[in-house]
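J.: Sequence:
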Amino acid sequence: MYNILIVDDEPVIVDGLYDLFLGLKDVDLQLHKAYSADEALDIVYKTHVDVAFTDIRMPGMDGMELHRRIAAQWPFCKVVFLTGYNDFDYIQSVFRQGGTDYILKTESFEVVEQSLRKAIREIAELMQKERMIERARERMKQAMPVLQREFLLGHLEERAGKVSSLAERFAERDLPLDADSKVLIVIGRVDAWDDRLSESDKHLLLYAIENISSEYLASVRVQIIQYERSKLIWLIQPVDGTCGDEDKNTVFVQGTLDAIQSSCKELLQLSISFIAAGEFVSWEEAPDKFHELRGGLVRGMGQASGIILIDGTGLEEEGMDDGPFRRLLAQSDLLEHHLENGSSESCYAVIRSVVSFCETKPPLPHLQQEAFFNIALRLLSYLNRSGLSSPFARRSGYDKLLDMEAHESWKGIGMFFESVVTFILENRIQERDRLTHRVVSTINRHIQAHFSEDLSLTRLSGIVHLNPSYLCRLYKQTTGIGLSDYINQYRIAQAKEMLKDPYLKIQDLAVGVGFDSSAYFGRVFKKATQMTPQEYRDSLPDLHS
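Everything in the sequence shown is counted per full-length UniProt numbering, starting at 1 for the first residue and increasing by one.
Because the hints were derived from the structure by calculation, they are not lab data. One or more hints might be untrue.
[Claimed, not checked] Derived DEER-like restraints, expressed as beta-carbon distance ranges:
hint : residue 1 : residue 2 : range
1    : E405      : R137      : 32 to 38 Å
2    : I133      : A72       : 52 to 58 Å
3    : S181      : S381      : 37 to 43 Å
4    : R137      : D508      : 55 to 61 Å
5    : E405      : T458      : 56 to 62 Å
6    : I103      : S469      : 44 to 50 Å
7    : T479      : W193      : 52 to 58 Å
8    : S343      : A171      : 25 to 31 Å
9    : E418      : A171      : 36 to 42 Å
10   : N211      : I463      : 52 to 58 Å
11   : S356      : S271      : 41 to 47 Å
12   : R459      : K25       : 20 to 26 Å
Glycine is no exception: its CB is placed at the ideal position from the N, C-alpha and C atoms.
Whole structure, please, built from the sequences with the hints as guidance.
T.: What follows is the structure, encoded as structure tokens:
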């Protein structure tokens, strides 16, 4: 759909072009009329405009200034200038301004129509696939650091799913890492922040830590990831792509951490602690190693500062090798994402993977409790945020959501959690349907109460606070009829009633049911009834009795 704006201080010009464009059935147009530049700007600041037809010489603000204002608001809008003067200087000025076309008001309707179609073609060309892809590439480049971080962190936390070709994914994100080589993982932590620092100051200091460490690690390939506000992850590989003497490389990195720590203390006044892997691991093993290091970060450091730990140096305790369990719980982060997307099967898969693990490889009791509450609290949080807590509380079994002992087995826990997911998603569908029907009812009531007034898409979408294009799609999907078709049907129904009055002029009747011109009203009426308004009136039996 294209939004067309017609601007002229001569109503006959505006109304004539409006009627002409209304008759074009092969293009989807939303038409807007303005009888002054100020009136036009009111429309421009509220509604996207694709093509504007504007007079050049108007009282007050002229067409040139109006074009500048339109271009500032909608840079890709095509402007066609209208004038009654065949002035060469004006023509030159128009094209210097970037006008799409220039039309004399004495030109035929065919010329005006051609100008409109030309403008629409140019808009279509601007939106061609290759140009949009190029813009997307540019945005992708700007967003690349975020994409790199999200992918690598997702891989380490096993939120990225199964990666069929890691090398391809690295290349897509311009990552300086080798998918076929092993990687050494280091986690660093800022031990304490000065309370006077703002969030932006903290981010700046984290970047400074990255820069310092990159200088010290210039002889190896390294990618650094920020996470959890005060932590950094280093993924390190030899530049030649092979680990070679792994012990030598590991010793180099571990020795360099002390220098990085000292520089951060001296230059940034920050105390940094590190925990480093004792060996290189494959990318498949990286998630296990990452979760092992995260656990060591908590157990080995606690609240101490300025610590450097190497895994495998006496941190292990009986029953503390919970890497696979941590990886499994990390997948629970996706539960809320799947709920938002309405994907029941994906939600069930997350729940079943946790239940299966706890059934077949039961961890220690306190870890089983963590697994239970990890899911239960996510479901409770979603119930609260979506306004479903009260309806859920009224159903049987609500108390089981936060009571692990109320369930006889993990199988029962899984079935209960799945029933909560089903409840959430079914209620979301019902709420969506209620809101949709409320929107349609509101629109219909407004049309019926104001059928003789402005029922433009912009006006109607403002009433229900929806995007105009989305409102069109939603209305048709819900009712099976287009919004403009319903408006015309209702207006024609009212017109039929009004035609029973033999003294009411048809041109007045047309205005009374909301049509801008009697000619357009006649075309719409005949299309709906196969008769002109007068023929319909003549066919009414009561008028001849």
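J.: Now, for every hint given, state plainly whether the structure supports it.
T.: Evaluated hints:
1. Between E405 and R137, the C-beta spacing of about 55 Å breaks the proposed range 32 to 38 Å.
2. The hinted range of 52 to 58 Å is not satisfied by I133 and A72, whose Cβ atoms lie roughly 27 Å apart.
3. With their beta carbons about 40 Å apart, S181 and S381 fall inside the hinted range of 37 to 43 Å.
4. At roughly 58 Å, the beta-carbon separation of R137 and D508 lies within the given 55 to 61 Å, and the hint holds.
5. At roughly 58 Å, the beta carbons of E405 and T458 sit within the given window of 56 to 62 Å.
6. Between I103 and S469, the C-beta spacing of about 28 Å breaks the proposed range 44 to 50 Å.
7. Roughly 56 Å separates the CB atoms of T479 and W193, a value that falls within the hinted 52 to 58 Å.
8. Separation of S343 from A171 is about 29 Å and conforms to the stated range, judged on CB atoms against 25 to 31 Å.
9. For E418 paired with A171, a C-beta distance near 39 Å keeps the hint of 36 to 42 Å intact.
10. Between N211 and I463, the C-beta spacing of about 53 Å keeps the proposed range 52 to 58 Å intact.
11. Taken as a hint, the range 41 to 47 Å holds for the pair S356 and S271, whose Cβ atoms sit roughly 42 Å apart.
12. Checked against the given bound of 20 to 26 Å, the beta carbons of R459 and K25, roughly 23 Å apart, stay inside it.
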